[in-house]
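Q: Listed below, chain by chain, are the residues.
Number of protein chains: 2
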Amino acid sequence: MSSLKEINPISTNTENSRFHPLDQLTGDEIMTVAEIVRKGVPNLNIVFNTITLKEPKKELMMSYLGWDTTKPRITKIEREALVVALEKPSMKCYEALVSLDNGQLKRFEHIPDVQPILTMDEMFEVEELVAKDPRVQAECRELGIEDMSCVFSDPWAIARHVTYKGRSKRMMQALMYMRTCEDDNQYAHPLDFVPIIDLGLMKVVDIERIKPRDSKFTRPTIPLEKHNFLPEFVGEENFRKDIKPIIVQQPEGVSFKVKGTEIDWQKWNMKISMNYREGLVIHNVSYQDGAEKRPLFYRISLSEMVVPYADPFTPHNRKHAFDVGEYGLGLCTNTLTLGCDCLGSIYYFDATFNDHNGKPFHVPNAICLHEEDAGILFKHTDYRNGRAHAVRSRRLVISQIVTVANYDYGLYYYFYQDGSFQYEVKATGELNTHVLAEDETPGPYGVMVAPQINAQYHQHFFTMRIDPMVDGANNSICKVDTQRVPHATGHPNNMYGNGFYSESTILKDTAEGQQTANYETARFWKIINENRIHPYSKGPVGWKIVSNHHTPLFAQDDSVVGQRAGFAKKALWVTPYNENQIFAGGFYCNQSDGDDNVEHWVKDVQSIQNKDIVLWYTFGVTHLPRVEDFPVMPVEMCGFSMKPCNFFMANPGIDVPPTNKGINHSKLASKEKENKAACCTKL
Amino acid sequence: MSSLKEINPISTNTENSRFHPLDQLTGDEIMTVAEIVRKGVPNLNIVFNTITLKEPKKELMMSYLGWDTTKPRITKIEREALVVALEKPSMKCYEALVSLDNGQLKRFEHIPDVQPILTMDEMFEVEELVAKDPRVQAECRELGIEDMSCVFSDPWAIARHVTYKGRSKRMMQALMYMRTCEDDNQYAHPLDFVPIIDLGLMKVVDIERIKPRDSKFTRPTIPLEKHNFLPEFVGEENFRKDIKPIIVQQPEGVSFKVKGTEIDWQKWNMKISMNYREGLVIHNVSYQDGAEKRPLFYRISLSEMVVPYADPFTPHNRKHAFDVGEYGLGLCTNTLTLGCDCLGSIYYFDATFNDHNGKPFHVPNAICLHEEDAGILFKHTDYRNGRAHAVRSRRLVISQIVTVANYDYGLYYYFYQDGSFQYEVKATGELNTHVLAEDETPGPYGVMVAPQINAQYHQHFFTMRIDPMVDGANNSICKVDTQRVPHATGHPNNMYGNGFYSESTILKDTAEGQQTANYETARFWKIINENRIHPYSKGPVGWKIVSNHHTPLFAQDDSVVGQRAGFAKKALWVTPYNENQIFAGGFYCNQSDGDDNVEHWVKDVQSIQNKDIVLWYTFGVTHLPRVEDFPVMPVEMCGFSMKPCNFFMANPGIDVPPTNKGINHSKLASKEKENKAACCTKL
Ligand SMILES: [Co+2]
Ligand SMILES: [Co+2]
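Those protein sequences? They're chains A and Y, same order as listed. Residues 1 to 683, numbered by this note's numbering, are exactly what the first sequence covers, in order. Residues 1001 to 1683, numbered by this note's numbering, are exactly what the second sequence covers, in order.
Wrong hints could be hidden among the right ones.
[What the hints assert, rightly or not] Label-pair distances were calculated between CB atoms; the ranges are:
(1) E1059/Y <-> D183/A: 47 to 53 Å
(2) T1069/Y <-> D183/A: 42 to 48 Å
(3) P1231/Y <-> Q288/A: 53 to 59 Å
(4) P657/A <-> D1147/Y: 44 to 50 Å
(5) E1232/Y <-> D101/A: 38 to 44 Å
(6) E236/A <-> H1020/Y: 34 to 40 Å
(7) V1605/Y <-> V234/A: 17 to 23 Å
(8) Q288/A <-> H1600/Y: 51 to 57 Å
(9) G1253/Y <-> M202/A: 45 to 51 Å
(10) D509/A <-> D1439/Y: 31 to 37 Å
(11) Y519/A <-> D1558/Y: 19 to 25 Å
(12) I533/A <-> T1314/Y: 27 to 33 Å
(13) E262/A <-> P1231/Y: 27 to 33 Å
(14) K661/A <-> E1035/Y: 38 to 44 Å
Just so you know, these hints were derived from the structure itself, not from any lab. Beta carbons: idealized from backbone N, C-alpha and C, even for Gly.
Just chain A, with the same shape it has in the complex (with noise of 0.2 Å):
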């Protein structure tokens, strides 16, 4: 999450400028959307939770882009904003839908039973509440903490609890900790309660004590053993001392394009926008193949993450959080810092979120934007005459970073000179920690990474809505099978038994689109364009997408989380295009019983072939936290990528330049360190 020192109110000058439909709202036309609601209902008193745009319908914005050529051409499209409120104290919610063209309220409604995204006002709220309660006083008391400036809670989204269940009341539980000393790692020292709160009454309702399991103690001391990673506690004096610079540099530039927040390079085209919810977004993809500019893909985005627990024991079973829809990637992510965050020559977008007075808050360098050398692109040798061709790799990286309270995901989207694209989530940050007794252990749930730190095992998962556009908006997924042929070595057909091959089977409805990941089978997908053959394959083009990281839901079908979080069943759901349906778990995730999520929407079986179709593809990692994840977790990586599969006539990198040390500098280390020795050093 950004910090508190970022939020600067910008300035509230109106401006002239000319907006792109998905530019984000500015820092002005948030508060101008805040003072159309709060005069529209002047009555009410209403807290902001989100004002975000409202993306335009797409068949507007096919217009808008001349994606869609049936139609006359649209040059402007109505600028509207998304607004969800709270009423204090009942935390009824509202939506209203805000013209920015003529300033009209053009909705504005009750939404019953339902409760939005948690916001950052909100989470220091609650850890303000906690600290003051007496109740929690007198826990911390009873555990020998006297000074509760000592005392910190994360505050966490209360997932569906047995006696809170609903969504009448607005509620968060707070998972507690405790630091010896200032930024002193909270996760060394956590407490054996959770208070649990209702954000109506902004009281804390209950106390949940975790006991020890088959323990002689009946409440476990406070563990006091630092365990931190700050460079003030690990001490400079002990920071390694031979590593040298890296240097990365562009002096004649980068190679990409930026215009607002349109991205031209290596052929590529997109449009980027980031929002509260989903972070970073990308639009309309499309790629330049010889004179004929080619869609991909119309928008792109994390749709949802949860990341279930495995202790099956109260409050634990609670823990699995909507990364996506309880926090938001928007109202999570960092300011980027360069040269550390972001190496070599990085362009940078700010972005702009509300807070709940309806004020603009600024997060500079939201999003990083640069490009990478990574490796070699494709080489082939002819080993008759040693002649070599080789080329390098260049990516374009998109990316930011999230907070979400322990945890910080690096997440990052690449484009590639030969066609692909890749998506990457870098898990880092703090593991999720809960304290056991000294006799204690961790059972089959958990791994012990410091004395009385159970680090509990969990699982992450991260659901892409992936709109595709592989050229035409009527697309089809397929499905490839990798087998044996069906005959004993001996046979005919399969005489020295090598025999194999791949079957390819088009899904034709929502019944069908749920898929699961088939390691015996290799099997992968296609985004199929039926309308378009490929000359050479003789198949219709298409685009495929891979993910090494599946990985089961353990939970149970019918558990709490696997109601919730129905969309990390599959590794992939596909679904006819539905403007409503952008956030896998719901809009209205927070406090959700999955009535609202992908794996509802497909309980009427509906056609998903050559339609206008949406993918909701999940990939994840099962995390058994190691020693070495404490007391700050190295990154942990998985992500899927996406390749032209029969699309384009050849490879299309092979008009990569190659380079050389001419051009990129590139040196003998021994020369530097003037070794003659070591470029005839033998083997």
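We have chain A already, so just place chain Y with the ligands on it with the hints.
A: Then chain Y with the ligands, alone, in the frame of chain A:
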């Protein structure tokens, strides 16, 4: 493979330098060894197949390294060379052992019924022979080729031929192509017949015609359309003009230290070597953990590969190249180019092998050693106050690139500052192609990447030999499976249904040591030392081995390739250490029938628990080619990694200092372009 141009005999002056026991033979030593063997068997007409260092016995090395403290330390180990030679024209195989310390021929014996590795000399001889053969010329004439200088062949190992089976004869098969001009891509013009060559007779003994299937033609015509990627064909005027240089520099020098072929970097210490067979080998890896230098791995190498093709019909069934055992990753290694293969500050090592005459050939720049920035190593932000700490990851890269006829593989060993290790294969180069008649299709076994050009489906398996030494010679392997708690939602032990747990099983013997990948349980394996218990986790210290690139062998178990490449049937085999078991497919892999491979070795059940053990770990890809893989393939990556898993007392990277723009000169791209608006562009 290294080019002929690079085969320069090196000086024959006697060297007085002292060797590390694992230093490969010098050119002088190779000549000396050849001379000793020739003098020892003056009446035999032999050619030298391979002359290579006989690696010292492990027990001696363990003492030499100080890793075995139970015996007095050995400081000098006898230097020996192992020679494989072939008698002409019988092609009988001999092994010789030569002491370099006293010039003695210690052993010379006939090895019956084997055929050693194919050599570069044989590749060239066979191609020349084939072009001169009258029956080949007649085939070509019938296809319309009069000028035999246009005809090229890729000589392949014969595999196991239905007629020429067994190993009494030394055989090859030649895959035929033509070129329409110099340096034309021959894989765009495959021919439809396969000469079979007897290397003893040095004669084409048969020609197999590949008949079109379901076609009205009896023979395909040769596709003449050019498909090229070399600059003179693409045309420099057609190169992308919009890619600006990226310059990577280390003005203060590199962070590694090299002494001979021993490398010190960031607490890692290792020795490297390159032999004719496995190419790059990593020896004696240890890690400085505080005051303790902890051994980790005795030896790591790519022990064998196999690339089986899908099409079950002759002669395609014989396409299952063992690139290590049939061609040799050392013999096929490229001379690397600064600024092209390798970017930044590069340290090169050369390699030296032997030719048929026992003369050395030298490959300059065979191994590239350098450092790379690898993104963030870890980051955490306290969202309360924005206090962030991010550290960049540096990796040490040790790599080679090999060319095995059409395919090229980049082979990269990576070491990281968080104690993790990674091995990555980048497959690139040219698809093996097969010509189709104008009306023919590849069936379900391939894809047409251009008219009449069938790129057949295939798999790539890479089997690593990992000789672990995790805190001592005696290690065990445990399998880790994660599963749902076996209780329905609502059961007292799984009230909310989220429960899952992980289970570790120590593998006791070579039967249990045969392991398949299991996506359903997110299975991975750990190398553990049961003699050292981690004080926090309370379990044995360990090292986790993970690949996201397991794929099943689709050939039948009893197929020819299934027998020969038994190693590819499992993700992991574990065997007790045996000094004669270095190559998963057998020492004499060429023309082998599977009687000396890892599958064979484990037939007798032997204990592997708390013993000196070896892992045979296989990863790979099922490669269904795309049109975009032609005429040269963008790199396709696969690999595996090993990480400390409850081995250290904390994240071993917390003492890595942060960097910043002052140190690494990172810059705003927008400032470079003097675009003042850029740093406050709003989304
Ligand atoms: Co995790
Ligand atoms: Co391949």
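Q: Hint by hint, say whether it matches the structure.
A: Verification of the supplied hints:
At about 51 Å, the CB distance of E1059/Y to D183/A agrees with the hint of 47 to 53 Å. The hint said 42 to 48 Å for the Cβ distance between T1069/Y and D183/A, and at roughly 43 Å that hint holds. Taking the beta carbon of each, P1231/Y and Q288/A are about 21 Å apart, not inside 53 to 59 Å as hinted. For P657/A paired with D1147/Y, a C-beta distance near 33 Å fails the hint of 44 to 50 Å.
One distance hint, 38 to 44 Å for the beta-carbon pair E1232/Y and D101/A, is violated here, with the actual separation near 57 Å. At about 37 Å, the CB distance of E236/A to H1020/Y agrees with the hint of 34 to 40 Å. Between V1605/Y and V234/A the Cβ separation comes to about 49 Å, which falls outside the hinted range of 17 to 23 Å. In this structure, Q288/A and H1600/Y meet the distance hint of 51 to 57 Å, their C-beta atoms being roughly 55 Å apart.
In this structure the supplied range 45 to 51 Å is violated for G1253/Y paired with M202/A, their Cβ-Cβ distance being about 59 Å. At about 35 Å, the CB distance of D509/A to D1439/Y agrees with the hint of 31 to 37 Å. The hint said 19 to 25 Å for the Cβ distance between Y519/A and D1558/Y, and at roughly 22 Å that hint holds. For the hinted restraint 27 to 33 Å between I533/A and T1314/Y, the CB-CB distance of approximately 32 Å keeps it satisfied.
Restraint check, E262/A to P1231/Y: a C-beta distance of roughly 32 Å satisfies the suggested window 27 to 33 Å. A hinted range of 38 to 44 Å for the beta carbons of K661/A and E1035/Y is consistent with their spacing of about 40 Å.
Consistency note: the structure conflicts with the earlier hints numbered 3, 4, 5, 7 and 9.
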